[in-house]
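There are 2 protein chains.
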Amino acid sequence: MAQPREAYWKKCKGSRLEALNFNFQGINMSLIVQKFGGTSVVDIERIKNVARRVTTVFDQDNDVVVILSAMAGVTDNLIKLAGQASAAPSKRELDVLLATGEQTTAALLAMILKDMHYPAQSLLGYQAEVVTDGTFGNARILGVGTRRIKEMVAKKKIAVVAGFQGCDPKGNITTLGRGGSDTSAVAIASALNADMCEIYTDVDGIYTTDPNICARARKIDKICYEEMLEMASLGAKVLQIRSVEVAKKYNVHVHVRSSFSDEEGTMVVSEDSGMERLVVSGITCNNNEARITLRKVPDRPGIAASIFTPIADAGIQVDMIVQNTRSNGKNDLTFTVPVENFDMALEIGNKVAAEIGAEEVLGDKNIAKVSVVGVGMKNHSGVAAKMFGTLAAENINIRLITTSEIRISCVVTEKYAELAVRALHTAFGLDKE
Amino acid sequence: MAQPREAYWKKCKGSRLEALNFNFQGINMSLIVQKFGGTSVVDIERIKNVARRVTTVFDQDNDVVVILSAMAGVTDNLIKLAGQASAAPSKRELDVLLATGEQTTAALLAMILKDMHYPAQSLLGYQAEVVTDGTFGNARILGVGTRRIKEMVAKKKIAVVAGFQGCDPKGNITTLGRGGSDTSAVAIASALNADMCEIYTDVDGIYTTDPNICARARKIDKICYEEMLEMASLGAKVLQIRSVEVAKKYNVHVHVRSSFSDEEGTMVVSEDSGMERLVVSGITCNNNEARITLRKVPDRPGIAASIFTPIADAGIQVDMIVQNTRSNGKNDLTFTVPVENFDMALEIGNKVAAEIGAEEVLGDKNIAKVSVVGVGMKNHSGVAAKMFGTLAAENINIRLITTSEIRISCVVTEKYAELAVRALHTAFGLDKE
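Protein chains in written order, with my numbering: chain A, 302 to 734; chain B, 302 to 734.
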């Protein structure tokens with residue numbers, strides 16, 4: 302019989318991951334964590350499909366731990382139900398309610414697996430010892446006590462864990478926030494020292510850009526944690542950001558792939574693990590921000606605080622902040638906020654402008670943030686110049702620029718966003734053949 | 302302010318329950334357990350109605366612990382869903398699935414109570430420390446560790462406990478069988494030494510007989526545990542039988558009442574607590590049994606075992622067993638089984654009859670068991686004679702008779718069952734004025 306771990310890596314297209322501290326000697330099997338998202342478990346037929354995937358890997362002599370989301374739509378329906386009960390539902394109780402979603406799918410998959418004569422058993426968050434802090438609705442995992450899962454694995458049982466949920470140290474049920482099952486999976490994979498964490502979703506991997514915007518987008522075979530973080534936070538909604546942070550921190554090997562095909566997806570790996578060194582790995586676009594500019598702000602210490610303190614107090618998250626110095630001792634201060642907070646932020650901006658003697662407040666909802674992302678740019682100069690040149694060649698005006706070590710973002714007028722993405726995609730050599 | 306406990310007893314129409322070892326001195330409040338069934342929590346409006354009942358009692362300076370069922374219909378729908386997943390769903394996983402029903406209502410009620418500014422919190426079975434044996438689907442409560450509930454009560458918090466569920470000593474979720482929330486409520490009331498366990502349901506109490514059969518049926522103010530057990534097991538489906546057994550064992554005072562009216566319901570109490578000594582308290586009727594008779598069975602030791610062992614092995618519960626001795630050393634052996642097991646039982650009966658040399662096997666699905674129940678008959682003679690005489694006066698033939706200390710049951714042809722009930726109801730003086 303083939304050695305499944307080796308077979309697995311081989312399937313992963315010549316990855317050099319095996320260099321990463323694995324001990325092949327005497328080990329014939331891998332421990333694989335498989336996470337299935339809401340669309341993969343939306344009805345009994347789909348859950349049966351999940352069961353087939355699980356058993357295929359199990360039959361190849363692997364240990365398998367499965368993490369499930371709720372059926373697609375169920376969490377939203379439960380939130381609606383809670384909204385009928387209370388205009389501002391207790392967060393503790395909302396978590397108790399929402400946790401039923403994953404409890405349902407975990408029980409159903411375990412039933413189906415047992416029906417197929419596989420030794421499966423469901424575990425809820427607290428049973429899997431997923432211990433979180435007490436931030437109901439958006440809890441952070443403090444640790445995963447793996448006693449019970451390891452016991453099951455030792456007995457060759459398939460543990461089917463309800464994702465998205467845990468319990469705080471007092472035993473209250475908590476949930477991890479939208480997309481939290483990804484984080485459940487990565488945290489459990491890390492605690493178990495699993496060989497691979499497979500994230501099954503309704504897309505077949507991470508793309509160089511949104512295929513709906515750019516027909517020439519192509520699937521990325523390998524992406525590093527840092528890039529994935531930038532991609533996730535910029536709008537590629539495949540993985541919960543926090544799950545990538547956890548994967549990065551504990552070096553969990555994540556494989557994002559489709560539950561509807563056998564195609565390889567995208568491996569999310571550490572930067573030093575044999576990645577092709579592309580300068581730019583992907584282009585992202587975010588239309589959900591709005592821009593606010595305070596013009597001719599007096600150049601005094603404390604001015605920035607006087608603006609951003611009331612904004613923060615209103616619970617508004619500011620993304621980009623740019624300040625240009627003008628010649629006459631006055632500055633222009635521009636920042637972006639989520640578009641749904643635009644009106645409130647503008648109101649606050651106007652109030653503060655009057656107080657501090659700024660000349661004018663301008664706002665614009667019709668903007669888009671287009672970014673190029675790639676760890677390669679740490680070692681390559683000229684990426685920014687190429688980006689600006691490409692946009693200029695298309696006559697697209699750049700309104701705002703920010704950069705990080707592995708990302709350059711330009712705010713442009715929204716109607717040019719798709720053109721910008723396509724042009725950059727071609728310019729950086731990402732188009733598929 | 303009135304002393305709520307006294308007020309409560311007063312409301313309970315001059316009950317002599319206060320003689321039952323209560324210490325009124327220095328106590329201004331009662332601990333009331335309130336259980337609401339599926340129709341009482343079927344939608345948000347109904348749950349809000351439950352919240353009003355809970356807060357009314359809480360506002361009268363009582364401590365309140367609430368036990369909830371799932372929304373009516375939800376458990377059945379979950380069983381259907383499990384049936385789509387597996388023809389014979391794993392009982393462990395079915396319990397995980399079913400437990401979501403009560404989890405949902407408990408979270409919703411706690412939300413609503415908090416919305417009304419009451420200090421409420423939901424507790425699932427394992428959080429309320431309802432520890433059961435490991436018989437999934439029909440678990441028995443081994444004990445209720447009241448630490449967490451008592452902590453909440455001490456802090457004047459309303460504990461909203463998901464009924465029907467518990468966990469076994471290994472931490473697996475279990476459920477208590479249909480109607481199990483009644484047993485949850487009574488067991489928790491007992492563990493807390495509660496002053497009262499109110500069972501809110503969609504009927505306004507226990508009736509002398511089924512009002513659908515007999516228009517002159519009347520509500521019983523007080524019934525003793527033993528009678529309630531006979532009533533429950535004979536078809537009055539208001540309380541789970543096991544809950545009455547637990548109430549009897551631990552002397553829990555149960556008040557069965559409607560969640561849709563403020564009327565007093567029926568108090569279920571111990572026999573010595575000031576009950577009116579009616580000879581017969583109620584008439585019940587059960588159409589769900591079928592009769593099988595083996596005629597001319599040889600009179601040898603071990604014959605009964607040779608019949609009932611294969612019946613038991615097939616998982617068929619036998620109710621009545623009657624044997625008459627015939628003159629020629631042969632006996633007729635008659636027994637009743639649930640009507641859904643009739644065909645299988647008849648097949649087994651035919652097989653055994655051939656083996657042991659019985660002459661003939663007869664079966665009849667069209668029977669009904671009519672019973673008169675009352676602790677009073679322990680001290681009264683003539684109840685049986687009156688029952689037989691009443692049926693004879695209506696020309697109703699009695700096919701089978703069994704008795705217990707407080708019950709006499711007659712099997713009659715099904716079409717005469719309602720007439721029999723009405724005649725007995727009148728004969729034993731139960732008709733309402």
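Rather than coming from a laboratory, the hints here were simulated on the basis of the structure. Any given hint might turn out to be false.
Where chains are identical, the list cannot tell them apart; a pair therefore holds if satisfied intra-copy or between any two copies.
[Claimed, not checked] Listed below are the simulated DSS-like cross-link pairs for lysine-lysine, each with C-alpha atoms no more than 30 Å apart in a straight line:
#1 Lys456 to Lys597
#2 Lys520 to Lys652
#3 Lys349 to Lys381
#4 Lys520 to Lys458
#5 Lys471 to Lys392
#6 Lys471 to Lys631
#7 Lys597 to Lys381
#8 Lys457 to Lys538
#9 Lys471 to Lys687
#10 Lys458 to Lys381
#11 Lys716 to Lys456
#12 Lys549 to Lys679
#13 Lys520 to Lys381
#14 Lys538 to Lys456
#15 Lys733 to Lys456
#16 Lys349 to Lys471
#17 Lys451 to Lys733
Note that the structure is predicted; figures quoted are calculated from it, not measured.
Results for each hint:
For the identical chains of this complex, Lys456 and Lys597 are neighbours neither inside a copy (70 Å) nor across copies (56 Å), given an alpha-carbon limit of 30 Å. When the C-alpha separation of Lys520 and Lys652 is checked against a cutoff of 30 Å, the pair qualifies neither within a copy, at 47 Å, nor between copies, at 68 Å. Taking the shortest alpha-carbon separations for Lys349 and Lys381, both the intra-copy value of 28 Å and the inter-copy value of 16 Å come in at or below 30 Å. In this assembly of identical chains, the alpha carbons of Lys520 and Lys458 never lie at most 30 Å apart, being 34 Å within a copy and 54 Å across copies at closest.
In this homomeric assembly, Lys471 and Lys392 come within 30 Å of each other (Cα to Cα) both inside a single copy, at 16 Å, and across copies, at 29 Å. In this assembly of identical chains, the alpha carbons of Lys471 and Lys631 never lie at most 30 Å apart, being 53 Å within a copy and 69 Å across copies at closest. Neither within a single protomer nor between protomers do Lys597 and Lys381 lie at most 30 Å apart by alpha-carbon distance, with minima of 45 Å and 67 Å respectively. Taking the shortest Cα distances, Lys457 and Lys538 never come within 30 Å of each other, neither inside one copy (34 Å) nor across copies (44 Å).
Taking CA atoms no more than 30 Å apart as the test, Lys471 paired with Lys687 passes in neither setting, with 54 Å inside one copy and 62 Å between copies. Proximity of Lys458 to Lys381 under the C-alpha cut-off of 30 Å is restricted to the inter-copy arrangement: shortest distance 26 Å between copies versus 36 Å within a copy. Neither within a single protomer nor between protomers do Lys716 and Lys456 lie at most 30 Å apart by alpha-carbon distance, with minima of 58 Å and 58 Å respectively. In the homo-oligomer, the alpha carbons of Lys549 and Lys679 lie at most 30 Å apart inside one protomer (18 Å), although the nearest pairing across protomers, at 77 Å, exceeds that limit.
For the identical chains of this complex, Lys520 and Lys381 are neighbours neither inside a copy (35 Å) nor across copies (40 Å), given an alpha-carbon limit of 30 Å. With identical chains, the CA atoms of Lys538 and Lys456 are never at most 30 Å apart, being 36 Å at best within one copy and 44 Å at best between copies. In this assembly of identical chains, the alpha carbons of Lys733 and Lys456 never lie at most 30 Å apart, being 46 Å within a copy and 65 Å across copies at closest. Taking CA atoms no more than 30 Å apart as the test, Lys349 paired with Lys471 passes between copies only; the shortest distance there is 28 Å, against 36 Å inside one copy.
In this assembly of identical chains, Lys451 and Lys733 lie within 30 Å of each other by CA distance neither inside one copy nor across copies; the values are 43 Å within and 65 Å between.
Comparing the model with each earlier hint shows violations of hints 1, 2, 4, 6, 7, 8, 9, 11, 13, 14, 15, 17; every other hint is respected.
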